[in-house]
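A.B. asks: I would like the entire structure built from these sequences, with the hints used as guidance.
2 protein chains.
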Amino acid sequence: MGIVVQKYGGSSVADPAAIKRVARRIVQAKKAGNDVVVAVSAMGDTTDELLDKARAVSPLPPARELDMLLTAGERISMALVAMAISDLGFSARSFTGSQAGVITDSVHGKAKIIDVTPGRIQEAIADGHIVIVAGFQGVSQDTKEITTLGRGGTDTTAVALAAALKADVCEIYTDVDGVFTADPRIVPAARKLDTVTYEEMLELAACGAKILHLRCVEYARRYDIPIHVRSSFSQLTGTLVRGSIDDLTHQPQEGSSMEAAIIAGVAHDRSEAKITVVGVPDKVGEAARIFTALAEAQINLDMIVQNVSAAATNLTDISFTLPRTDGQTAMTALAGLQATIGFESLLYDDKIGKVSLIGAGMRSHPGVTAKFFSAIADAGVNLGMISTSEIRISVVVDEADVDAAVAATHTAFDLDATEVEAVVYGGSGR
Amino acid sequence: MGIVVQKYGGSSVADPAAIKRVARRIVQAKKAGNDVVVAVSAMGDTTDELLDKARAVSPLPPARELDMLLTAGERISMALVAMAISDLGFSARSFTGSQAGVITDSVHGKAKIIDVTPGRIQEAIADGHIVIVAGFQGVSQDTKEITTLGRGGTDTTAVALAAALKADVCEIYTDVDGVFTADPRIVPAARKLDTVTYEEMLELAACGAKILHLRCVEYARRYDIPIHVRSSFSQLTGTLVRGSIDDLTHQPQEGSSMEAAIIAGVAHDRSEAKITVVGVPDKVGEAARIFTALAEAQINLDMIVQNVSAAATNLTDISFTLPRTDGQTAMTALAGLQATIGFESLLYDDKIGKVSLIGAGMRSHPGVTAKFFSAIADAGVNLGMISTSEIRISVVVDEADVDAAVAATHTAFDLDATEVEAVVYGGSGR
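For the record, the sequence lines run as chains A and B.
First residue of the first sequence? That's 1 in my numbering, and the numbers climb one at a time after it.
First residue of the second sequence? That's 1 in my numbering, and the numbers climb one at a time after it.
Honestly, the hints are just simulated from the structure, not real lab data.
Heads up, a few of these hints could be off.
In silico DMTMM-like links for lysine to aspartate or glutamate, alpha-carbon gap of 25 Å or less [stated by the list, open to error]:
| id | chain 1 | residue 1 | chain 2 | residue 2 |
| --- | --- | --- | --- | --- |
| 1 | B | K351 | B | D378 |
| 2 | B | K53 | A | D48 |
| 3 | A | K53 | B | D87 |
| 4 | A | K144 | B | D127 |
| 5 | A | K144 | B | E145 |
Covered stretches of chain A (chain B as the covering partner; in silico rule of three or more C-beta atoms under 8 Å from a C-beta of chain B) [unchecked claim]:
| id | stretch |
| --- | --- |
| 6 | 10 to 20 |
| 7 | 50 to 62 |
Ideal Cβ positions, reconstructed from N, Cα and C, are used throughout, including at glycine.
C.D. replies: Printed below as a string of structure tokens:
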């Protein structure tokens with residue numbers, strides 16, 4: 001008998017009917033002989049409603065009190081899930097993050113999990129209860145204050161619980177059937193992946209695939225917890241996230257189920273903007289000054305490109321991408337440097353999109369880059385910036401060209417599903 | 001510099017505008033040089049909305065999970081109040097019942113406060129913060145489970161905090177100006193009382209005055225905490241609940257502000273029903289059997305009357321009043337006894353009302369009972385049952401006669417306000 005950790009997001013517990021469905025699902029896992037621990041998010045729009053209330057009393061509410069407020073959301077959903085399970089004749093106990101031993105640092109609003117001390121959960125399991133834990137929240141180690149984990153917090157709670165409890169698997173329930181080779185809204189022939197490595201999943205998440213948050217995958221990778229991403233609306237097997245690309249490389253037996261496919265998928269991201277600092281004097285330390293200023297403004301950069309300087313002028317251009325939401329802050333920080341650095345101008349472009357090709361297999365397969373660029377060129381799409389990692393190639397294109405670039409790449413790498421597969425996907429109830 | 005504990009109920013924090021008003025009020029007490037600790041209820045209808053959600057997932061939700069759910073209500077309101085205070089430039093810290101050290105027994109849904117260990121509150125006060133505490137909730141001593149205190153819970157939280165912190169006063173904010181000599185909806189000339197003793201307030205609360213809950217007054221009396229009942233909608237001084245009738249008797253100086261008025265007020269209660277057990281054999285132990293059965297059914301009785309038995313039959317009738325909500329349970333329990341006891345029949349009447357005259361001074365003033373009964377008789381109202389305590393006389397009348405009996409009694413004891421007082425009352429913003 002193993003331990004299964006399940007995670008249900010806000011849309012899976014949006015209303016009483018959904019909560020009852022989730023309860024049946026949980027009981028099913030218990031009946032199958034598992035000890036079951038569940039992390040839940042707040043119901044549907046609860047968090048947004050609470051934020052609206054906060055804004056109505058204070059334009060800039062203190063972070064400590066905002067965390068106190070928002071944690072009421074999971075408290076409500078977890079109690080209701082426990083009640084629905086009880087109504088099915090099984091006993092359930094709900095625990096807040098603090099009660100569950102989710103220990104964090106003290107950064108309100110985006111706390112990081114430091115440790116999980118699951119004593120009360122283990123007692124409840126030993127007593128035969130199904131355990132429901134409030135996602136997204138914890139208690140700070142030093143100050144014993146209630147904290148929230150920020151975006152993707154409930155996924156991270158689930159994986160952290162799975163690690164602390166040495167669970168067999170962490171099942172992340174969502175409203176899609178798993179991880180796909182591309183966004184099915186753009187590529188109707190996208191296929192569900194049966195397995196994907198942690199590294200590939202990290203790249204997919206970082207490149208715009210919204211199905212799992214980076215933090216949760218990082219946590220799972222560190223503690224080697226298999227994540228099963230699956231739909232709460234169907235009984236289909238989803239996508240198993242597990243294994244390292246290093247394992248794949250070291251065990252390259254032909255036909256092995258763990259052998260790397262060349263390409264895991266095509267991701268895209270329309271949330272970034274591009275800033276170009278034009279005419280930067282090409283001398284030591286100027287780039288460092290620019291990026292130090294951006295770091296001090298707490299801006300996370302993504303791609304960075306610097307061309308060789310034109311010999312005639314000894315000036316160079318530096319471009320980088322960043323979240324659009326940070327665009328104004330970054331432009332303000334850079335404008336303040338113009339006098340000291342003496343660059344010519346700043347360009348801001350938020351009509352861009354990023355298309356990324358990800359696959360552990362591309363390391364050992366030459367020609368992937370050429371095929372990727374050819375596919376995009378054949379679709380009539382112009383390339384902007386380019387960046388690569390060991391298992392990823394990303395390009396920046398016009399925002400309007402993203403769909404065409406994704407579709408062309410998906411086809412070029414033979415990722416399109418056959419008709420039969422497409423029907424299976426179509427029947428998922430999404 | 002003293003400590004003031006304030007309590008705001010659900011109607012005082014019903015929406016963002018109300019929360020901002022409460023915040024200004026709290027800040028006003030802080031500016032006046034006090035350390036301020038506040039107990040808040042859930043916003044307006046929040047508790048009912050949460051109960052609706054619980055019913056939607058389970059007809060009979062487990063008490064532990066219901067407490068987990070309902071405590072989210074105060075968590076929301078306390079965080080919002082703290083935010084609103086912060087928006088006024090003062091710093092506030094909110095604490096759950098558990099964090100505030102409100103230790104209870106483990107009876108979910110109606111836990112009793114065993115102890116208050118206010119270490120975190122005292123630290124926050126020492127750091128200069130205004131402290132907001134979730135009312136109505138605590139944590140159980142043995143099992144460390146979240147509990148709720150049941151009806152009147154936030155009043156009790158406030159008084160318990162005041163006792164633990166040795167506060168100067170516990171201010172209970174409500175939507176009326178204080179404790180009145182009668183319900184102003186029935187007696188427009190009712191006057192606000194400036195002071196009332198704990199014992200009188202206990203009798204008023206027990207006899208249907210809804211302004212303070214019995215538990216909270218009992219707690220205040222035990223720890224000798226003055227309660228100031230006042231309106232959150234006006235700046236008027238309300239009613240001070242303090243002092244014992246024994247103090248009044250032992251210090252009977254003429255003109256002392258603590259001297260007992262003869263009558264504190266007239267209370268009424270339309271929430272009870274009357275059951276009569278007709279034709280009970282008048283032998284030892286029969287009444288005991290009846291009341292043991294009712295006790296086992298967890299029914300709280302109020303008035304009990306047994307007439308002398310008719311000599312011819314050696315049968316007697318036993319009547320008692322009880323909450324209407326317990327009527328069906330009591331009738332069922334009694335019907336089960338009919339064969340063993342051999343009484344003739346059961347009568348059930350829920351068209352009754354209770355009118356009570358309460359005053360510490362009536363102990364030393366003969367003739368109060370006669371004047372009370374005469375007033376009711378002059379109003380053409382028929383008396384049913386009668387019961388008395390040292391400082392109270394209660395009668396049961398027809399439900400339809402309650403208003404007339406209250407008004408006639410109020411006038412007979414010269415409690416009606418002069419015109420000027422009535423104007424002050426009318427300006428209270430109720």
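A.B. asks: Compare the structure with each hint and give your call.
C.D. replies: Checked hints:
no.: 1; hint: B/K351 / B/D378; result: holds (22 Å)
no.: 2; hint: B/K53 / A/D48; result: holds (18 Å)
no.: 3; hint: A/K53 / B/D87; result: holds (14 Å)
no.: 4; hint: A/K144 / B/D127; result: holds (16 Å)
no.: 5; hint: A/K144 / B/E145; result: holds (18 Å)
no.: 6; hint: 10 to 20; result: holds (count 3)
no.: 7; hint: 50 to 62; result: holds (count 10)
Of the numbered hints stated above, none is contradicted by the structure.
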